[in-house]
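Novice: Got chain D; can you put chain V on it based on the hints?
Which chain is which? The protein sequence lines are D and V, in order. So the first sequence is numbered by the numbering used here: it starts at 1 and just counts up by one. So the second sequence is numbered by the numbering used here: it starts at 1001 and just counts up by one.
Worth flagging that the hints you see were computed from the coordinates, not collected in a lab. For clarity, every value in this text was computed on a predicted model and none was experimentally measured. Hints are not guaranteed to be accurate.
Partial selection, computed: residues in chain V whose CB lies under 8 Å from chain D [as the list claims (entries may be wrong)]: (1) Pro1083; (2) Leu1106; (3) Arg1107; (4) Leu1146; (5) Asn1149; (6) Leu1151; (7) Arg1154; (8) Gly1155; (9) Val1158; (10) Asp1159; (11) Asn1162; (12) Ser1188.
All C-beta atoms, glycine included, are put in the ideal place defined by N, C-alpha and C.
What follows is the residue order along each chain.
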Amino acid sequence: MILRTSCLLILSAALAHGDVPTSLNTILAVGREGKGNEEASLAWRDLVKAGPQGLLSIVEAAGKGNVVADNWLRMAASVIADEAMEAKQPLPVAELEAFLRDTRHASAARSIAFDLIQHADPAKANAIEPTLISDPAQELRRGAVQRLIVAGKEKADAKDEATAKSTYQAALDAARDEDQVKVIAEALTKLGVEVDLPKHFGFITKWNVIGPFDNAQRAGFDAVYPPEKEIKLDAKYAGKGAEVAWQPFETKHEYGKLDFNKPLTMLKDATAYAVSTFDSTSDRDAEIRLGCKNGWKVWLNGELLFGRDEYHRGAQMDQYTLKCRLKKGANTILVKCCQNEQKEQWTVEWEFQLRVCDATGTAILASNP
Amino acid sequence: MNQKVSSISKAAFLTGLLAMAAPACAWASDWPQFRGPNSAAYLAEAQMPVAPKVEWSAELPGRGLSSPIIVGDKVYVTASSGPKQERLHVIAFSAKDGSKVWERHLRATGRTMSHGKTCVAAPTPCSDGKRVVALWSSNDLAAFDLEGNLLWVRGLTVDYANASNSLGMSSSPIIVGETVVTVIENDSESYTLGIDVTTGRNLWKMERPKAANWSSPIVWQPDAASPPVAVLQCKDGLMGVDPATGSRLWEYKDGASTMSSSVAANGVLYAASKGITAIQPAKTGGDPAQIWRSEQMNAATGSPVVMGDKVYIINSAGVLAVADAKTGERGWKLRLKGPFSGSPVGAGNLLAAVGEKGLLQIVDVTAPEGAVVGSLDLKDELAEKELILCTPSLSGGKIFVRSDRKLWKVGG
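Bound-form chain D, shown alone (with noise of 0.2 Å):
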């Protein structure tokens, strides 16, 4: 007790004086289970007593370390701003403006700049709020299609189809959110505009899938079946009972949701593969977002990118986000689903969605049809 008490005074002995710049590495340096913690508990305190004219470099520094960094940042600059406003010093509005409207910058730091023209000038922030509409952040782009969407019904109820219809689709052609795009699209279609979800999303519907294999005791989970070592479409394998080949099967879901009770009929205590060719016109970063509430495992170009044994808790849509690599032409998504022994009539599904999109959220649609 008496040593950690002395190292951390001489810590704080050798941080007293310590910089913006200084500070904000330290902070940036956090790790895995709290490395560097003792260090950028001190520097948040130089940071805060440094007041608004450290403000930007905060905002700056965020998105440069991890995602937990950005927490010390975001708390350091909202205190400081707090403290501020009360004691009516000026923010430096203009100059968090002009870094917001920079799209360069990191996403998690212009979310910063922007809640704190929020706190800081409301009025500005509401001002500038519509034109973030096709902003590279997603959550960034959230109030600009809420108000349109709020335009897009004044319109529909006031009888304008046509300004009604333009509104919405203008929504639409922003809005990333599956709980926006459902409003728009139920709106849209009560108007006569035929919505196209999956192609909006980037869901992969032609699938090809194979199974069942067994997953008794939740073994298959771990098991490596033939379609963790190969990708054969004409080949056939000992499922669990019988022989087993891949069936071309697509989904018409409007979300995308491939559910193997239909080729593989409802079965318990199996495994199914499916996958599908992605065909990409160019190397690029990208996001494979899945939603399943059976357990999972997803490879790309037999990568394994995640995979999770958690059995009907919950799906959604995105609920898992994986970060890839796509490259350029082919590429084999394969996704393992394993449905476990329970009998309650909310354990029968045994299904997933996914799409490919960019960090927006914005479709990427393969090039293949």
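Specialist: Okay, now just chain V, sitting in the frame of chain D:
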């Protein structure tokens, strides 16, 4: 001396040292964690209003079913907001008048998905009287001093990527000595952490059964001279752990609830196991002996409370049931107006329970068949479909309750 006894002695020694080095406990009127001091949900010497009325209410920036905690003259509450509940809040209010003293914001670094009835601000924060440690269902864990200065922050899903529950997590952390005991148990990457409350770094990490677990750890202390033991609960049973080292001291292996938490009183553990099972762990580390079991004392989602020589639970039908703490013999039953998600709490001879629809009921448990002696209906202050799911908190003869939008101080 066999190896097991040796490790227990060492662990107990370390814990004793830390307990002696620990700061003075929180103020006598503090309610520093889920279900208050020692997770007992009971203040023997305290008062509770019998004619409850709202003294003040304060708007909250987001949802939550975490309980308020009270440390000194402030009430600390967590909340979550945003389209995906990704915005996390800690707010400090003046306990006197409900004015906001400070608020801090984080962004969730873990998954925020949950069942619609619960939300990301489900775990109750905890305090050692010097710091407030807040946990959310996204496994974000942050420590502040009482003035709101950030001491450290962790993203436990960043550290352990498969630790989450798609229904939501709710286990509330506790501070024992210098250790924050944080249960992150779920179907996949399941563990419990002992975290240094000063630095936020791991003291120990224990792999735990792969099964969803919403119950909270508690502290058990066989007597005033013995070091406190952290008691972990999961589907398999209960385990006593040295909070400083994570060493296993004893185990009760006859299963336990993954929702209701256990309670300790007078050195006895009333385990949320097959109803209530009263067990007596040995001070020297032997596995616990069963004193009694009552399968009818089934606390549903809430947790039991021991008041004097009686144990009380509220079952899934909203019936308050009583059993003798020494024998398990059942006594009267009193139907309350439920349903209830939160747990009952007690002060003196009065028990308070708040129903989901906002009815706070005060029960005199010394009345021959138990009697509701006071109530306060908060339903008119709730929005459509808004529920009160929290466990009430007690401090200074007042009751603190929160919903998704409001925090109330109830006196009278």
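Novice: Return the status of the interface hint for Leu1151(V): holds when the least beta-carbon distance to chain D is below 8 Å, violated otherwise.
Specialist: holds (5 Å)
Novice: Hint validation: Ser1188(V) versus chain D, beta carbon distance must be below 8 Å. Holds or violated?
Specialist: It holds, given that the least Cβ distance between Ser1188(V) and chain D is near 5 Å, below 8 Å.
Novice: Grab the minimum C-beta distance from Arg1107(V) to chain D and call the hint holds if it beats 8 Å, violated otherwise.
Specialist: holds (6 Å)
Novice: Under 8 Å is the threshold here; is the Cβ of Arg1154(V) close enough to any Cβ of chain D for the hint to stand?
Specialist: holds (6 Å)
Novice: Restraint: Asn1149(V) near chain D, CB-CB cut 8 Å. Satisfied or not?
Specialist: holds (6 Å)
Novice: Hint validation: Leu1146(V) versus chain D, beta carbon distance must be below 8 Å. Holds or violated?
Specialist: At 15 Å from the nearest chain D Cβ, Leu1146(V) fails the 8 Å test, so the hint is violated.
Novice: Given Asp1159(V) as an interface hint, is its Cβ closer than 8 Å to any Cβ of chain D?
Specialist: Hint on Asp1159(V): holds, closest Cβ of chain D at ~5 Å, below 8 Å.
Novice: Under 8 Å is the threshold here; is the Cβ of Asn1162(V) close enough to any Cβ of chain D for the hint to stand?
Specialist: Given a least distance of 6 Å, the restraint on Asn1162(V) holds.
Novice: Leu1106(V) was flagged as interface toward chain D. Is the shortest Cβ-Cβ separation under 8 Å?
Specialist: holds (5 Å)
Novice: Against chain D, is Gly1155(V) within 8 Å by beta-carbon distance?
Specialist: Given a least distance of 4 Å, the restraint on Gly1155(V) holds.
Novice: Have a go at the Pro1083(V) hint: is there a Cβ in chain D nearer than 8 Å to its own Cβ?
Specialist: OK, holds: Pro1083(V) within 8 Å of chain D, min 6 Å.
Novice: Per the CB criterion, is Val1158(V) less than 8 Å away from chain D?
Specialist: holds (6 Å)
Hint violations for this structure: number 4 only, all remaining hints satisfied.
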